[in-house]
Structures are given as structure tokens and as C-alpha cells.
Amino acid sequence: MAAVAVGGARVPFGRRTLLADRKRSALSAAGVGLALMLVLLLYGIWNGIDDRLVAFEDHAGAALYVAQPGTTSMLSEVSVLPRSTVATVTADPGVRWAVPVRGFFSVTHVGDTRVPTYVVGTEPGRPGGPWELAAGRAPAADDEVTVGQLFARRAGVAPGSRLSILGAEFTVVGIARDADMFMASFAFMTHAATDRLVHSDATTSFVLVGTDEPAAVQARLAAAGLNVLTRDQIAANDQALKSQAYTAGMKAMLVVAFGIGALVVALTTYTGVVERRREYGIVKALGATKPRLLGIVVGQSVVLAGLGLIVGVVLYGAGRRALEAVRPEYAVSLSPGALLRTAVAAILMGLVASAVPAHRLAAIEPAVAFGGG
Amino acid sequence: MIPGAARLPGPRPAPTDGPVIDLRDTAVARGGARLFAPVVLSVEGLGKTFGEGHTAVHPVRHVSFDVQEGEIVLIMGPSGSGKTTLLLMLGAMLRPTAGAVHVGGVDLATAPGRVLPRLRSRHLGFIFQDFNLLASLSALENVEYALNLAGVRGRPARARAEDLLGRVGLGHRLGARPSTLSGGEQQRVAIARALANDPPLLLADEPTANLDAANGRSIGALLRDLATDEGRSCVIVTHDERLRGIADRVLWLDDGILKPTPDGGLHADHAPRRRGVRD
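As you go down the protein sequences, you meet chains A and B in turn. For the first sequence, my numbering assigns the number 1 to the initial residue and increments by one for each residue that follows. For the second sequence, my numbering assigns the number 1 to the initial residue and increments by one for each residue that follows.
Chain B on its own, in the form it takes in the complex:
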């Protein structure tokens, strides 16, 4: 049985490159019934220091927040504010120097290095700014390879990859190389790849930065659907104000510390937002 196959949403019409959904409407559409939703990601007092003494740099300090099942959390902030450093720590690619990150029952700050690849392949799905598809592989193989890395091979992997690409509207481009796909199509392949092993948590780094407005909206809608329909959680680091519309919460990171958003919007220090309570 392919992990989590039953949780996949049913076939839906192929998304187009044009506008699909009003992002702000999507945000409103979600209910507030996540009061008792399980926590998928828990961050406590997280900090990272590079260097020592006078040359020490602290890109992330004292960051705490939880992400619940089906919740989309936006991490925004100015360039150099520590967003990517934070995302790297959440993705088990950078060891924190303080605090804890709990994912899948593992504290990424203290877990042995050998368990991290398995955790990345099975509990986390990554969506990158530059799509980061493997150029020598077709769209199908890019998704299939992610399954291979988690131990699923052969026909089951291929069937699962075909299914996922079909559901992001790329069933007709299975054999296409990344260089022949549009930006929007590449990001859809990347999303299908991120979903390959049915991870409960998606981590996205500027997923719409290299897309035009229509494709950006389309990708945002797709992420929202994944959260709403499949209960998948998503942490998105972005500068894209349009994505606020799909978010359950927005965290504002400035100088490595979570602060209230400049417009007074939602952020992690607002107690009611913790544990998924919606205002």
C-alpha cells in the first residue's frame, strides 16, 4: 500500500495557468474547527548562532510556535531577517544552537544525524523558490525518485507518481523534462514531488517568487486545497503579500525574532492563534 494513498483528494479538474481562486476568499473559507487539531510541528525557544564571541551572528532567536494539522502558516519578514535559516532548521537541514523543533515525534535539535534523511523523505515535503527539479529526469521521474528515496520502487512508485502529477494537472506532461515546462508547471511538479511520500508537513521557500500573478494564485490555491482537503500543514516563507489570503496565520520575523506584523496582523505571539484558534 502506498503510504497515505487513501488521503489523496479525488481527481479534480486540471488547474490552468490562469486565475483559479481568490486567495483572500480562500482564507475566509476555512472554518475555525481546528481547536483541537493535532500539532504537527512544535518550535520552542529556537535559536541559531553562527560564529563565536564578537563575531557571533544570531539570525534566529527565541522563536516559538506550533503548527497544527491542516494549518497554513506564513513566515514573512524583510530580507535577511532569518526566514530561510528558520526554514532550514524546520527542515532538518541545519542544527539549532538553542531550543527544540519537534516533527514526527523527533526533536530535530538533538536527533542523531542518521535519522534526519528518513525524516526529510517521509515527514517533510519541500517546495523551493527555484522549483529545484532534477534536470536530467522527466517530470514523472522527479516525483518517482522522491518515492525511491523513501524506499518505494518499481511499479507502485510509478503509479503513485502518475497519480500525483495527474492531480496537479500535469497528467499530459509526464515525460517532459523540466527545461521544457513553464514555471507554473515546474512548481506543480515540485508540489507533486513534495507530496510523494504523503508528508504531514510541507515547507515552502518563496513558492510563488518566480511565478507570474496567475500562476502564483494557482499555486497558492493548490496549497490551500492540500491543507483544507487533506489536512496537510504548510509553513511558507515568503515575501508575497498575495499569499496572506491562503494563510491561517502570519508570523513576522524581523532580525531573527517573531514580532507583530507591521500592519498589526496575526503573529505567533498572539495567544489565541496558538493551537489553531481562529479569531
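Isolated chain A (complex conformation):
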């Protein structure tokens, strides 16, 4: 009487049962989708913040950054170097170019509007200035400034507008693309202008170094007593600023979104098990084993989470457009890795969510298939 185990397709009882009530399944998928949209948006915002935080490093073209001893990032620490450092660096035979860049946070006044700003002072025509212009030009004179697009939008400025930084008046001569971070916009001016703002013409913040042999140059400059960081090091440290400030909150929101999604899946699957108690009793009476029953519930939960993922990706697209329209300081960009993590999270969501209905299903007696008598 032993049955022959044969490979091949099985009747998809779990999926059919789940999708038998289409309205409920659709609502559940929408609920899970909303939760996953939140996860995707959080990932997207997170990635967008990362991208914008290192926009300067991405575009300046420097392989090495010389900073004040002890300073490891551009955005979260102060760096003051003697201007003579530029000559020291340039003297290295492996250095193709070296330019001073001054950078500091400030608040720009445009009438009654105040815009958080990261001021970048560079030598006109040399690396470190605005990398792509949406309008106008890069600053050439010491009373000129080029600001990021978001800055211009917030403050309502255009080439020709006037604004005030640290009490000094500037004329906007250009609008730069990709020059806005989530907490501040770049404002480019000449190095000499920043000298005037900080009352120090003998210093700079960083020396940007162009070289084809970064490791060797870094070693030689370090041996000469300079604090030299690679582009990747300083970018990573700038991104760490965000992590220190926002990781806990971000993780909390991700956990909440995950929890909401798991609860929706669990509730839907559990309700289905309770409502179809007799059908599951019949399946047990027909000889379904515990692993088979567990597989039904897990399968249902994962299918629901998968449908939710599809809905979530669609909602993410709409949510991204809406967010960028309302809050353009948030550049939302989703990497393939983040999408993969979300897909894995959705599957995990399904697995976690199947625990309660699986327990409920295990408690159903096959005897419910019979009437009394």
C-alpha cells in the first residue's frame, strides 16, 4: 500500500485558499505594500542622503585630502591649515595639482529667509568649485557666489540676486546642480572671499590633491608630518556623520514598518485559518503532516508578502515623486542592494508572520471534518 513518491507539481491548495477571498487578499497586499513602501522610502532617503553628503568628494576630482591633524572629515570637523601647506604638497614629485579649499557651515540670509549653507571657498577656475551649472557661472570676483538649486528654490534667488553671508553681501552669479545636501546647500565663492569672512588670509581648511599615485604620495606627505586622507576615507567619515545622527531613528522606523507589515500578513493568514478551520481539518483528516500544514501557512504568508512587495514598489514610485515635490531636500535614490534587502525583508516578514497562524493551524483537530452523532 506504500504510495510512490513522484516529483512534479502539487495542487496549490494554500495559494488557492488564500486567493479565494480576493477582496481581503487585495486589501492585505495593499496594507503590506504600504508598510514596504515605507521601508523602501526610508532606504531611498537614506541612500539619497549618502549620495548628497559626498557630492563634493564625488565631483572635486581629488584623490587625497590634506587636513588639520586629527581631522578626518569635511562636514563634521573643523580644519585649519597654514596656506603654506599648498606649497609643501605641490613640492611632492607625484602631485599633479594641489589647491586650497576652505569649508565651513554658515547661515545665509536672503531677506527674511535663512538657508543653512556649507560655504566652499576655492581658487577660480581650479578644482573644488561648482561642478555643474544649471544657470549662470562660477564665481570669479570676491563678492560673487554660486548656490545650489535647492538653495535658490528655497530662497527664491536667481543670478543677479543679492544675499548675505556672515554679514558680507554677495551677488548670485550661478545656480549649481547637485549641490544640495539634506541639511544644507553648498555656496561656492572665491577662497579670497572666505579669507575675508573668517578674517584670515594665511590659512585654508583643506588641500585637495590630484595625483596618479595616491598611495605613494599619501605615504610621503604623511612622513612629512601632514594628515592625509584618501577620497574614500573622507567620504566615509562624512557619511558617518549622518549615521551618528540618524541611524537609531532610521532603524526604529524600519522596525516599525517591518512590524506593521508582519502584523498585516499574520492577521490575514490567521483569519483565513480560523475562517477555514473545517477545510484545514479536512486536509488533516486526509493525512496532511505537520510540515505540510506549516508549508501551507508559510506559503500563504510569503505569497502575501510577495504581493505586498509588488504593491510596495509601485507605491514607492508614487511616494518618491510626491516626497521630492513636497520636500526637495530629500533626494530619494534606491540602490539595487536596498531593493534586494527589502525583498528579503518581505520574505522574512512572511516567515515571521506565519508563526501565529501555524500555531493555530496545528491546534485544529482533524475531527472537525466530522459532524456529531
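Just so you know, the hints here were simulated from the structure itself, not pulled from any lab data. Note that the structure is predicted; figures quoted are calculated from it, not measured. There's no promise every hint is true.
[Said to hold, decoys possible] What the simulated footprint calls covered on chain B by chain A, stretch by stretch (three residues with Cβ under 8 Å from a Cβ of chain A suffice, anywhere in the stretch; the number is not a length):
id, segment
1, 78-88
2, 98-108
3, 117-126
4, 130-139
5, 143-151
[To be verified] Just the calculated beta-carbon pair ranges, DEER-fashion:
id, chain 1, residue 1, chain 2, residue 2, range
6, A, P336, B, G171, 46 to 56 Å
7, A, A363, B, N210, 21 to 31 Å
8, B, G171, A, S335, 40 to 50 Å
9, B, S42, A, V274, 30 to 40 Å
10, A, V256, B, D255, 53 to 63 Å
11, A, A343, B, A100, 49 to 59 Å
12, A, A363, B, V57, 20 to 30 Å
13, B, G154, A, A343, 26 to 36 Å
14, A, V256, B, S79, 52 to 62 Å
15, A, G317, B, G171, 42 to 52 Å
16, A, G295, B, G51, 27 to 37 Å
17, A, A343, B, G166, 36 to 46 Å
18, A, A343, B, A213, 20 to 30 Å
Every residue gets a Cβ at the ideal spot worked out from N, C-alpha and C, and that includes glycine.
Chain A is fixed; fit chain B onto it per the hints.
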């Protein structure tokens, strides 16, 4: 090879919803050659108690009987007499508190819980009062799913399911959902499902209760054919007096104990009926 495929009866004309056979004639038609037929089900001193002390209830007490290959045994009795409790114990769905139930070489009273699903799927076929088809599956899938539960999948399962449904006269309704089938058709699907894994023993709970007279007779005839032609045994719990005609024996359960039938008919305590000897 699909288990037991060779034992299937050959194709027969599609049963109709109308009268097919005189049930009493069917009962007479069986011979008494089951003298040495193997025992498929053996029940010894079976009892079930719910609760303890003063609140204890004993729905089944000291029940003993055997069922032989190809034998149909009717269990009748008033409502609340313990028939369903007895059937649940025979079907490995309720543990006895006393006695033994031997099916397929396993004592259901003491067998580990993990072996019971396999036993239910391969040694027992269930036919329910309310048909109990899975609503989200088609007629074909209902039968195929029972095969899946026993480990048969894919094309062999589908072919076997199609074959069985064809033989109960539903070859033209393979894709129909249970809600679109008549009561008689649903019970035929349920019988095909019960036969899916070629079990030697069918357990039926009021199989004709929700059917009209014609369909009831038709289902009874089908069960009789399965016993006569394929040697399949069947235990039927029922109130339906019409099914007496297809039975080899009738057991009368009253207050949890097997007793002589009210009309003095056959029952388990009649020694000649044990081991399949016909009067």
C-alpha cells in the same frame, strides 16, 4: 506505478442520479465466501472517556469487532450513541482511552502521532456527511490533492485523479468547483478522493444523509461495488435504513455499547458474523 492501480475496476457506465440498484438485492447478491478473508480492521475492547471523576463521560465502551476484506459494516444507533466518536477512533483522529484498533499493522491507540497522518492518507479513505470537498479546488484537484498528501505528484497524480473521476461518472466535470456540483456529484467526488490512494478501508460518516433517495441509492450501490469488485472494506456510520441493504453486517451502538439491533438483526455480538461468516 500508482498504488493499487491494477485493482481498480474497469470502466463502467456513468452512474446516473436516478435509481441504479435495489440495495436489498445487492445485499443478497454477495456470496458467503469470505470465510477466510483477511481482517482489515480489528477493534478490541475499545473505549473512550472524556473528563474525569464525577464528570466523566463514556461515549464508547468495550467495543470489539473485526472488519474483513470486502466487507461492509454498518454502525447504526440513536443520535448521541457514540457512533461518530467510534468512527473518529477508527479513523486515527481520536485516541482511545481503552482497548486497541489495528489498521494496516498499526495499533492506533498506541502508535506515535507522527505515523497517523501517513496512515490516514494511505490506509484509510474518508467519506463525509457534508462531502467536505475543498471549496477552492476543482473536482479534479480535490482528488489530486489527496494523492499529493500521500506523496504522488504531477502527471501521475493528475492521471489517477482523472481516471477515478471518470469511473464514478464525473469525467465530464473535472474542472467544476464543488459549489457548482449537485449533492450526488459532490459525494461521488468525495468517494473518488477517498479511493485516491487505494486504501483498503473506507470510513463513511452518514454518506447519504444529505442526498435524495435516488442519489442515496446510487451512492450505496457504488460503495457496494467497491466492496464486491475491489475487495475494499467499508465501515459506515448511518441512520439511513436503506443502507442496510448493502451491508454485510449491522452493528447497533446504543449508549456507547454494541447491542443487538432493535429488530433482532445482525450485530457484532453474533459470533457467526465475526470473521465474515454469513448466515
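**Asked** Quick check: which numbered hints come out false for this structure?
**Response** Violated hints (numbers, rising): 2, 8 and 18; every other hint is consistent with the structure.
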